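Undergrad: Please model the complete structure; the sequences and the hints are all you need to start from.
Chains as they are written, first to last, in the working numbering: chain A, 1 to 145; chain B, 1 to 662; chain C, 1 to 320.
I should point out that these hints are in silico values taken from the structure, not numbers from a laboratory.
A quick note: this is a predicted structure, and the numbers were derived from the prediction, not measured.
All C-beta atoms, glycine included, are put in the ideal place defined by N, C-alpha and C.
Don't take every hint at face value.
What the hints assert, rightly or not - Short, incomplete list of chain A residues facing chain C, as computed with Cβ under 7 angstroms: (1) F7; (2) M52; (3) Y82; (4) R85; (5) R86; (6) T89; (7) L90; (8) S93; (9) D96; (10) S111; (11) V136; (12) R137.
Said to hold, decoys possible - Now the stretches of chain B that chain A is said to cover, found in silico as 3 or more residues with beta-carbon under 8 angstroms: (13) 85-99; (14) 651-657.
To be verified - Restricting the straight-line Cα-Cα distance to at most 25 angstroms, the calculated cross-link-like pairs of lysine-lysine (DSS-like) are: (15) B:K405 x B:K184; (16) C:K298 x B:K581; (17) C:K316 x A:K117.
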Amino acid sequence: MSINNEFRPKIVAFCCNWCSYAGADLAGSSRLAYPADVKIIRVPCSCRVNPMFILRAFEKGADGVILCGCHPGDCHYSTGNYYARRRMTLLFSMLDYMGVENGRTRVEWVSAAEGVKFSTTMNEFVEKIRSLGENVRLGDLRCKN
Amino acid sequence: MQRIGVFVCHCGSNIAATVDVKKVVEMVLLEPGVVHAEDYQYMCSEAGQAKIGAAIADKKLTGIVVCSCSPRMHEATFRKCAERYGLNPYMVEIANIREHCSWIHKDMQEATEKAVILARAAIAKVNLNAPLQAGESRVTKRALVIGGGIAGIQTALDIADAGYEVDIVEKTPSIGGRMSQLDKTFPTLDCSACILTPKMVDAAGHPNINIYTYSEVEKVSGFVGDFTVDIRKKARSVDATKCTGCGVCQEKCPSKKTPSEFNRGLGNRSAIYTPFAQAIPNVPVIDREACLKFKTGKCGVCEKVCQAGAIDYAQQDEIITEKYGAIVVATGFDTIKLDQYDEYAYNQSKDVITSLELERIMNAAGPTKGHLERLSDGKAPKEIVFVQCVGSRCSDDRGKPYCSKICCMYTAKHAMLIRDKYPDVNVTVFYIDVRTPGKNFDEFYRRAVEEYGVNYIKGQVGKVAPQPDGSLLVQASDLLDNKQIKMKADMVVLATAIEPNQGVRNIATMLTASIDTNNFLTEAHPKLRPVESPTAGVFLSGVCQGPKDIPETVAQAGAAAVKVIGLLAKDKLTTNPCTAKPDELLCNGCGNCAKVCPYGAITYEVRQVNDHGIREDRRLANVNSALCQGCGACTVTCPSGAMDLQGFSNRQLIAEVDAICR
Amino acid sequence: MQELKNRAIELLENGTVARVLGWKIGENTYDPEPAFFDSVEAMKDFVYNNFCAANLSKYMIEASKLEGKTLVCLKPCDSYSFNQLVSDHRVDREKAYIIGVGCKGKLSIEQIKKSGVKGILSVTDSDPIQVETLYGNKELPYTAGMLSRCFSCKGKEHVVYDELIGESAETSTVDRFDEVRRIEAMTPEEKFAFFQAELSKCIRCNACRNVCPACNCRKCVFDGNKFDSAQKANVDSFEEKMFHIIRAFHVAGRCTDCGECSRVCPQGIPLHLFNRKFIKDINTLYGEYQAGADPEAKGPLTSFTTEDAEPSIVSKGGIV
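TA: Spelled out as structure tokens, the structure:
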């Protein structure tokens with residue numbers, strides 16, 4: 001997607017309903033801008049995010065995927081983000097191992113009170129993805145040479 | 001294919017000023033399944049909702065997408081609206097084009113483009129929505145309180161006063177708990193027994209309260225509204241229906257060498273005993289390990305002296321099974337063991353005591369009848385040193401990382417009481433910080449310093465060494481004057497850290513209630529749901545949740561009671577339909593989902609399935625939808641994809657991903 | 001071998017077991033196949049030699065559904081897979097009579113061929129290996145024909161068995177994570193080129209999935225529509241690209257590193273490198289964990305500590 005040939009990344013942000021989605025709402029009501037490239041998908045908890053969803057997003061052309069959840073210890077369901085943390089650490093490490101730029105994936109813990117953090121994080125992430133450019137590798141892992 | 005209606009809200013100018021709502025309407029009409037789209041100034045208003053209703057009827061809509069503010073704001077509104085007009089409420093999805101779009105973007109083209117994409121994602125999701133029915137489960141109008149201290153008593157009284165039946169299960173022979181061991185209470189210095197015992201009597205006499213002392217919870221099954229609990233009523237060896245509480249048996253009992261738990265081991269009790277004079281019930285128990293009759297078969301004195309014929313050596317443990325709608329944990333605390341703190345010579349000297357032991361010594365009913373004296377030689381101490389933070393705020397694993405919260409205040413109390421009663425005794429307190437946040441707390445502490453002349457020294461005690469002359473040499477640092485102090489003391493009192501009662505871990509496991517690394521029960525939300533456990537129907541009262549003093553405990557006990565009352569007042573519970581649901585043909589029965597479920601909602605059973613004509617007995621996961629809170633942890637753990645979350649299914653979320661990345 | 005066969009026949013005859021799960025003699029010494037034997041008569045084709053590399057534990061899923069006990073021959077490394085299947089509730093320990101068979105490292109004809117021997121007519125499973133070829137007889141050291149996985153063997157102890165027959169030998173000479181470390185040390189471009197080259201060979205024959213004891217789902221997610229991932233006709237589809245990553249993730253924490261995936265891959269893709277990366281990361285971050293060592297253990301992905309590393313560790317130099 002490009003406007004005036006400028007690279008506009010596709011970014012999927014999974015946000016847990018209780019903390020990060022509310023943090024994004026707060027960013028909105030505080031009018032804390034971040035680029036429109038970020039599209040949020042609401043999930044009940046960060047532990048609902050299957051690594052398959054993330055790979056799917058990349059395969060469908062996403063340039064970056066970020067997962068936001070409650071801070072460790074604050075999960076609405078007590079333990080969900082702890083499982084998410086292990087899963088995402090291993091997934092990200094695997095992608096890195098396969099040569100996919102590790103800046104394309106990120107996990108950030110954002111509470112319902114952290115509108116500023118949400119906005120800052122998204123600005124940073126978009127900046128990072130813009131610097132990495134279009135995602136070729138994950139969409140291209142098994143293409144025959 | 002669904003027949004979807006899309007409703008784009010202007011939110012006055014909140015959305016419409018940045019998002020071209022007409023363009024959104026135009027674009028979403030191109031999406032598969034969309035048969036209707038319109039925009040309106042305030043979709044959430046009566047008129048807006050009426051438009052949705054009209055479209056449901058006219059266009060025979062099966063699904064609705066509202067492009068508006070956050071679902072956290074109005075999802076419930078639009079779901080109710082759909083329901084009112086005959087559509088299943090879970091066929092509604094919200095595209096958040098206000099907080100996540102119009103409010104953060106300035107460029108209209110950009111914001112409009114994004115709004116369309118967010119709408120597409122919601123449309124893609126609603127295409128895969130299925131009507132969900134909120135389930136109902138019944139509520140047993142009876143509560144269980146585990147623990148009969150002040151927390152449990154207060155919770156039980158409040159619930160009972162609201163008209164519901166409550167059972168208290170208390171491990172020891174009497175209710176009363178820690179508070180019954182205290183002498184006076186801060187900051188008012190009223191006598192603990194004077195304020196506690198009336199409550200104990202109230203609880204015992206309340207028509208709605210039933211107390212099981214000398215009993216423990218053995219098994220818990222079921223879920224919110226419908227728990228089944230097995231209570232083991234340990235054999236008392238005394239028939240409570242016959243015992244008159246005369247106390248003769250205790251007087252005559254020849255075995256009197258058992259350290260009294262109530263007096264923290266500072267005095268002895270008989271083998272047949274009530275822990276203290278005001279015990280409720282006033283029915284003794286026989287400690288079978290100390291009783292000569294049980295140990296040797298010879299004795300039987302108590303049976304002989306009991307006029308009422310209440311002694312029953314053959315009594316057996318009894319299992320009582322009862323149903324409850326709610327369970328309150330009020331298991332309280334104990335002080336930590338001091339085995340690893342040799343530097344304070346607690347195990348070497350009888351004159352080094354814990355603060356709780358001091359409470360017993362100061363108490364008129366205690367081992368010294370309230371006389372302040374050294375336990376080694378009975379002499380009156382002239383120099384007393386208090387050591388703060390023994391095992392609290394501790395960075396190594398000998399103690400606890402947290403502040404025990406009550407020590408600063410009770411030490412000020414002890415110091416003040418001693419100076420008041422024995423003005424010739426010098427009192428020195430070594431502290432790291434003095435923490436007195438609480439109503440009238442700092443004033444209380446300052447009185448100890450200013451009016452009673454208690455000597456507070458900021459610094460840690462490094463060593464307490466018993467001297468040949470019977471005194472104690474205290475070595476400490478004075479951090480403010482930056483000097484080392486060596487002083488002689490006749491008595492050293494350790495403000496020992498408190499920790500949750502030992503049995504709480506087992507109870508938490510039975511309740512599937514979560515517990516933190518310090519064994520405190522975890523609250524459902526640390527700020528907003530502080531008296532509820534994350535496990536529905538389980539509530540927290542008192543120190544089992546975290547260190548607190550008596551007023552806080554009583555306040556929390558009342559709060560827990562209110563939550564219980566709120567639950568028991570309902571005839572039926574509506575369950576969240578967005579729960580996990582396994583596909584029985586895909587389920588491996590591997591057991592991983594139950595391992596990650598924080599609510600113990602998943603069990604396994606062997607069931608016959610018909611897998612495309614093959615009938616087979618298989619081990620399959622079962623989700624109890626009354627317990628499931630819909631986090632989805634299980635869905636990702638499931639290797640076969642059998643476990644899915646209704647309302648946030650794999651296919652729905654993937655459809656959203658696809659719509660966004662398209 | 002004879003002792004094992006005699007004992008199996010004895011157990012069949014006395015009714016302890018209803019059938020034997022072992023290997024059936026092939027055309028050559030080097031191609032024995034997994035097989036069930038349900039009579040003493042059938043046992044004439046039973047063989048156990050140094051080419052019996054296949055891990056039989058997964059066959060116990062089906063055998064667990066049958067009447068009576070099944071005698072299963074498990075090598076030390078197979079016994080981990082068996083335990084993991086027990087912990088996944090996919091096999092019934094009570095339905096198995098396990099003979100832990102000795103293993104001195106397994107041979108593979110592919111490996112012998114790779115060592116440069118051409119025109120093979122017959123081979124022995126002895127040490128050294130005697131090879132008869134069109135061009136005369138050759139003698140190869142045992143290790144020249146040994147499966148690469150055996151050079152990083154988990155050890156000669158069986159973690160579960162009813163009885164043991166035969167000697168095992170320690171064959172481990174290299175650290176199993178050496179290959180993983182070699183890749184970790186590459187630049188992102190090199191890593192990507194390496195995996196793209198390897199994965200491009202994949203023909204999606206599913207041999208890895210079918211042989212894998214951890215891939216024990218009744219129905220694979222790749223064969224269902226739960227994730228909208230079954231679009232066989234579309235070569236560009238999701239599963240085609242992500243299959244191996246997802247498969248490795250699905251077995252992470254349950255993979256015992258038996259190495260069957262790489263052994264059976266007709267394209268020679270070193271698939272174990274995915275699993276080993278997960279195992280290495282798990283060991284580094286969450287403490288040493290060997291799937292199958294203890295069937296009661298909680299797996300690393302179904303447990304956590306509050307102090308676990310953050311995912312950002314990956315971008316801060318990776319997990320090494």
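Undergrad: Confirm or reject each hint.
TA: Comparing the hints with the structure gives:
no., hint, result
1, F7, "violated, 19 angstroms"
2, M52, "holds, 6 angstroms"
3, Y82, "holds, 4 angstroms"
4, R85, "holds, 6 angstroms"
5, R86, "holds, 6 angstroms"
6, T89, "holds, 4 angstroms"
7, L90, "holds, 6 angstroms"
8, S93, "holds, 5 angstroms"
9, D96, "holds, 5 angstroms"
10, S111, "violated, 16 angstroms"
11, V136, "violated, 9 angstroms"
12, R137, "holds, 5 angstroms"
13, 85-99, "holds (count 3)"
14, 651-657, "holds (count 4)"
15, B:K405 x B:K184, "holds, 17 angstroms"
16, C:K298 x B:K581, "holds, 23 angstroms"
17, C:K316 x A:K117, "holds, 20 angstroms"
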